[in-house]
Amino acid sequence: GDCFGGAFVARIVAGDDPFAAARYANAAAALSTTGYGAVAPIPYREAVERLMQG
169 GDCFGGAFVA
179 RIVAGDDPFA
189 AARYANAAAA
199 LSTTGYGAVA
209 PIPYREAVER
219 LMQG
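Okay, so the sequence shown: first residue is 169 according to the numbering used here, each after it adds one.
FYI, nobody ran anything at the bench for these hints, they're computed from the structure.
Glycine included, C-beta positions come from ideal geometry on N, C-alpha and C.
Watch out, some of these pointers could steer you wrong.
Pair by pair, the computed Cβ-Cβ distance ranges are [claimed, not checked]: (1) Ile180 to Val207: 17 to 25 Å; (2) Asp185 to Glu214: 18 to 26 Å; (3) Val177 to Pro209: 27 to 35 Å; (4) Arg213 to Gly169: 15 to 23 Å; (5) Gly183 to Tyr204: 30 to 38 Å; (6) Thr202 to Ala178: 17 to 25 Å; (7) Gly222 to Asp184: 30 to 38 Å; (8) Ala190 to Glu214: 17 to 25 Å; (9) Gly205 to Asp185: 27 to 35 Å; (10) Arg213 to Asp185: 23 to 31 Å.
All chains, full assembly: derive it from the sequences and hints.
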């Protein structure tokens, strides 16, 4: 939840509409589940964008 919330707010502040921000946040949150711990698996923007591109 924290990764989703942080990514969502970051994209809203960057100017995305709520739907685009939610898509980005979903991808970021999905990637954050691929590692162990609370901070280490938080993805970089490039990784989120790669996932979103397919």
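Item to complete: Kindly indicate which numbered hints from before are broken by the structure, ordering the numbers from low to high.
Response: 3, 7 and 10
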